[in-house]
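2 protein chains.
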Amino acid sequence: MAFYGNNRRGLLIVISGASGTGKGTVIKALFDKLPNLVFSVSATTRLPRVGEKDGVNYHFMSREEFEREIAADAFLEYADVYGGAYYGTLRREVDKHIAAGKDVLLEIDTQGAINVMDKAPDGVFVFLLPPSKEELRKRLTGRGTEDEQAVAKRLAAADVEFERAKRYTYLVVNDEVNNAVDKIAAIIAAEHCKASRCNDILDEVTKN
Amino acid sequence: MAFYGNNRRGLLIVISGASGTGKGTVIKALFDKLPNLVFSVSATTRLPRVGEKDGVNYHFMSREEFEREIAADAFLEYADVYGGAYYGTLRREVDKHIAAGKDVLLEIDTQGAINVMDKAPDGVFVFLLPPSKEELRKRLTGRGTEDEQAVAKRLAAADVEFERAKRYTYLVVNDEVNNAVDKIAAIIAAEHCKASRCNDILDEVTKN
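Protein chains in written order, with our numbering: chain A, 416 to 623; chain B, 416 to 623.
Among the hints, a few may not be true.
No distinction is drawn between identical chains; accordingly, a pair holds when it is met within one copy or between any pair of copies.
Claimed, not checked - Below are the DSSO-like pairs computed for lysine-lysine, each with C-alpha atoms no more than 27 Å apart in a straight line:
id, residue 1, residue 2
1, Lys581, Lys622
2, Lys438, Lys548
3, Lys517, Lys609
4, Lys448, Lys438
5, Lys553, Lys622
6, Lys609, Lys548
It should be emphasised that the hints constitute simulated quantities derived from the structure, not laboratory data.
Bound-form chain A, shown alone (with noise of 0.2 Å):
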């Protein structure tokens, strides 16, 4: 199936969603799917892990260097997570394959998506749903690893996640992950034909 849209620059996407809404199995069977979208390379103070590689796995930075990109407007979206550390989206990281013509994808939160809507306008956000309340509340449960009280937290949790996904520009629901991963694959293929992204091809066809 040729799916590309008319444009040739790449889109940024930004997928988010509630735990228990199946994410990172629809994110994995996306990129199995289409060969033309990559990973970005997140930007990260804490130390490398033994095998990971510098520029592969994350762009290692000090502090110092972190917080000058910051001061620079380099980032995306960054947080203060994890015991200290930062995490954050290079904004030249994702323009570097948007200008080569491949689709990035960016899994985060909805705070850091948030940020991106403000940065990067012309980004594509898709928020993950649970098919409903009731059903999220199995997927919860049916992990067997949680208590009562945890799986009460995270459903509080979802509910602010949720209130946040008003502001994305598509909501998918992932009632089986082949139909959740044609959806976000139709919603690229079509963001491509968006006529906003398409003068080049206009002026293609109507030059003389």
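Given the coordinates of chain A, assemble chain B onto it according to the supplied hints.
Chain B only, in chain A's frame:
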């Protein structure tokens, strides 16, 4: 391929394209691919031809009736063409299908489409483009039915259409029929996932 989006209401899809873009072939193939897609029956003041049925081929109306509907703002678009007969798209005809969850396709010219943009801003507006001006010239010449002057006239008319194309939501290059059909199918699937169309789904998931 399960390709429909989240929302339960249908979409209004408007397709236009300059002559020589292969619009007819693409639309025929699109109907073969998408069982949820329907044509809207136009209203007209011309007399029924032998075998034509009211409500099936057209909604046949008297001139007085048609003008009463114009005055009542009942049309998404209409035009007075082909030697004095009115042709138009009734809003209630489109709404009926949309409420039933069907996607409605209108194949109209750019002037009509611009009227629909005003009356139905939640419609999906797709403009079909030839791959290049040169290719368009080849296709128009290749028909062999028209002299050079007629071809030049059609090319000039196409330029007017291309200028209006900027106002459409999506541009789709018809390089190959299957590619164009896949892209339009993707656009329809993606539009069904637009957050602005999916309030009911979000309510479903967030209710306790």
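Here is what the structure says about each hint:
no.	hint	verdict
1	Lys581 - Lys622	between (41 Å within a copy, 15 Å between copies)
2	Lys438 - Lys548	within (16 Å within a copy, 44 Å between copies)
3	Lys517 - Lys609	both (16 Å within a copy, 23 Å between copies)
4	Lys448 - Lys438	within (15 Å within a copy, 29 Å between copies)
5	Lys553 - Lys622	between (58 Å within a copy, 15 Å between copies)
6	Lys609 - Lys548	between (33 Å within a copy, 20 Å between copies)
Hint violations for this structure: none, all hints satisfied.
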